[in-house]
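Residue strings, one per chain:
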Amino acid sequence: MSDTDHGPLIPRNRDAHPPAYDIDYKTSVPRSPRWSLLSMESTPSEETGPRFGHSLLGEWDNNLIMNWTRGKSPAVGERILVHGRVLDENGRPVPDTLVEIWQANAGGRYRHKKDTYFAPLDPNFGGCGRTITDENGYYEFLTIRPGAYPWPNRANDWRPMHIHFSIFGHSFGQRLISQMYFEGDPLINHCPIAATIKDRSQLDTLVAPLDFSKSRPLDFLAYKFDIVLRGRRQTMFENKLEGM
Amino acid sequence: MVQKLDTLIETPSQTAGPYVHIGCMPTYAGNAGAYDQEIGESPIADGAKGEIIEITGEVIDGTGWALRDAMLESWQADAAGKFPGSDGADPAVNGFCRFAADAETGKFTLRTVKPGAVPARGGVMQAPHISIWIVARGINVGLQSRIYFEDEDNSADPLLNRIEQKNRVETLIAKKTGEGQYAFNVVLQGENETVFLDI
Chain D
1 MSDTDHGPLI PRNRDAHPPA YDIDYKTSVP RSPRWSLLSM ESTPSEETGP
51 RFGHSLLGEW DNNLIMNWTR GKSPAVGERI LVHGRVLDEN GRPVPDTLVE
101 IWQANAGGRY RHKKDTYFAP LDPNFGGCGR TITDENGYYE FLTIRPGAYP
151 WPNRANDWRP MHIHFSIFGH SFGQRLISQM YFEGDPLINH CPIAATIKDR
201 SQLDTLVAPL DFSKSRPLDF LAYKFDIVLR GRRQTMFENK LEGM
Chain L
1 MVQKLDTLIE TPSQTAGPYV HIGCMPTYAG NAGAYDQEIG ESPIADGAKG
51 EIIEITGEVI DGTGWALRDA MLESWQADAA GKFPGSDGAD PAVNGFCRFA
101 ADAETGKFTL RTVKPGAVPA RGGVMQAPHI SIWIVARGIN VGLQSRIYFE
151 DEDNSADPLL NRIEQKNRVE TLIAKKTGEG QYAFNVVLQG ENETVFLDI
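In order, the protein sequence lines correspond to chains D and L.
The first sequence: position 64 = 64 (the UniProt record's numbering), numbered continuously.
The second sequence: position 15 = 15 (the UniProt record's numbering), numbered continuously.
Take these hints with a grain of salt, some might be off.
What the hints assert, rightly or not - Result set (PhoX-like, lysine-lysine): computed pairs, CA atoms no more than 25 angstroms apart in a straight line:
#1 D:K198 with D:K224
#2 D:K114 with D:K26
#3 L:K175 with D:K198
#4 D:K198 with D:K26
#5 D:K114 with L:K107
#6 L:K114 with L:K176
#7 D:K113 with D:K72
#8 L:K107 with D:K26
#9 L:K4 with L:K49
#10 D:K113 with D:K26
#11 D:K113 with L:K107
#12 L:K176 with L:K107
Claimed, not checked - Part of the chain D face toward chain L, derived, beta carbon under 10 angstroms:
#13 D22
#14 I23
#15 E100
#16 A104
#17 N189
Keep in mind that the hints were calculated from the coordinates and are not lab data.
Even glycine gets a Cβ: it sits at the ideal position worked out from N, Cα and C.
Could you put together the complete structure from these sequences and hints?
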């Protein structure tokens with residue numbers, strides 16, 4: 001437990017998130033609840049959560065260029081470092097938390113038995129990675145930039161280049177899955193999934209800028225992507241649960 | 001002008017998409033061996049104290065169709081109501097499970113130990129329950145809910161008692177179908193829509 005693990009979770013600001021129902025993202029139409037969410041103060045069921053240790057990680061887990069072949073042969077594509085920090089809403093780092101990513105290859109093809117797009121698989125690319133943030137909440141992945149791809153939504157919809165992120169935080173109520181987009185990608189403005197986020201300034205927080213400070217000359221470019229999880233309310237008198 | 005708050009805003013959610021299993025359950029995606037060890041394969045190890053139970057069900061959309069691409073996660077206390085990591089918790093219970101709807105049938109199974117009652121604030125006890133979180137293509141923000149049990153005393157549970165329409169309480173209660181067997185469906189929309197939570 002870190003020193004931020006006190007008090008109830010700060011209620012989720014639902015205005016910052018997509019609504020469940022969005023007619024332009026067609027699959028959301030039958031998969032969105034019609035009734036309102038039931039809200040209440042968090043309990044230990046949401047304030048605790050699974051923790052994962054570094055012993056979980058394999059040598060290549062955060063290197064998607066090399067992990068599918070265990071270091072034998074690199075994936076094809078634009079070599080990039082994706083890095084950033086996981087923070088909470090109070091601006092504190094979230095250390096020792098699991099970050100998982102998955103993505104398509106440079107041609108926009110996923111290594112999943114259900115993906116039938118005719119862009120070929122890269123025999124040297126799997127498309128998943130994971131790491132655990134350090135004591136400052138910092139993480140990094142080496143990967144290749146994923147390609148855009150078409151999807152059966154409206155007649156001519158294409159996903160922008162993106163990397164899926166899954167973050168745990170320190171409590172089950174902080175659980176978050178989102179997507180990282182790339183600065184300057186013109187498809188972001190045409191994507192119904194990106195557009196489920198109604199506040200443009202919030203969508204902009206999913207767009208990672210090019211970061212020359214972390215690029216390695218003659219090797220890889222870098223993109224910076226910080227993630228903010230729900231924080232916990234800290235008070236002088238409320239940080240102990242009755243009966244705990 | 002007022003002062004500026006120094007709080008940050010939570011990163012907005014996006015759907016997990018149809019291929020969430022690549023990153024979270026590589027073996028299910030057809031990519032066995034991507035990791036030496038996948039997480040959440042079981043919430044219990046051999047020797048877990050308490051009653052071992054199996055909960056089976058489906059995640060059903062507004063047309064009545066079971067999702068074939070949903071991923072679920074669960075989090076719970078041990079049989080004595082202690083969360084993993086707390087003092088005295090059962091070391092054979094890690095409490096976390098990741099499971100998916102079957103790609104052909106849409107059915108899921110959660111095998112775990114039946115949790116004990118856990119406290120809320122103010123000394124109130126919550127009836128035994130398992131917290132669940134559901135993500136899939138078409139779900140923009142992961143849906144939180146809970147599984148309670150019909151053979152437990154749920155009458156004083158603070159969350160269930162907050163549900164104004166008492167006929168909706170049933171949507172959070174797993175039905176006993178046999179010894180150690182329960183049925184629980186997640187209904188995303190429509191008749192008998194599951195109560196989803198914002199906590």
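Hints and how they fare:
1. D:K198 with D:K224: Given pair K198 (chain D), K224 (chain D) holds - Cα atoms ~23 angstroms apart, limit 25 angstroms.
2. D:K114 with D:K26: Holds, because 19 angstroms separates the two Cα atoms, which is no more than 25 angstroms.
3. L:K175 with D:K198: violated, 39 angstroms
4. D:K198 with D:K26: Cα-Cα ~16 angstroms, so holds.
5. D:K114 with L:K107: It holds: about 17 angstroms lies between the C-alpha atoms, which stays within 25 angstroms.
6. L:K114 with L:K176: holds, 12 angstroms
7. D:K113 with D:K72: holds, 24 angstroms
8. L:K107 with D:K26: Holds: K107 (chain L) and K26 (chain D) sit about 23 angstroms apart, inside 25 angstroms.
9. L:K4 with L:K49: Violated, at about 51 angstroms.
10. D:K113 with D:K26: holds, 22 angstroms
11. D:K113 with L:K107: At roughly 18 angstroms apart (the allowed maximum being 25 angstroms), K107 (chain L) and K113 (chain D) satisfy the hint.
12. L:K176 with L:K107: Holds. K176 (chain L) to K107 (chain L) sits at ~17 angstroms (cutoff 25 angstroms).
13. D22: holds, 7 angstroms
14. I23: Violated: closest Cβ of chain L sits about 12 angstroms from I23 (chain D), beyond 10 angstroms.
15. E100: holds, 5 angstroms
16. A104: holds, 8 angstroms
17. N189: Check failed: Cβ of N189 (chain D) comes no nearer than 16 angstroms to chain L, outside 10 angstroms.
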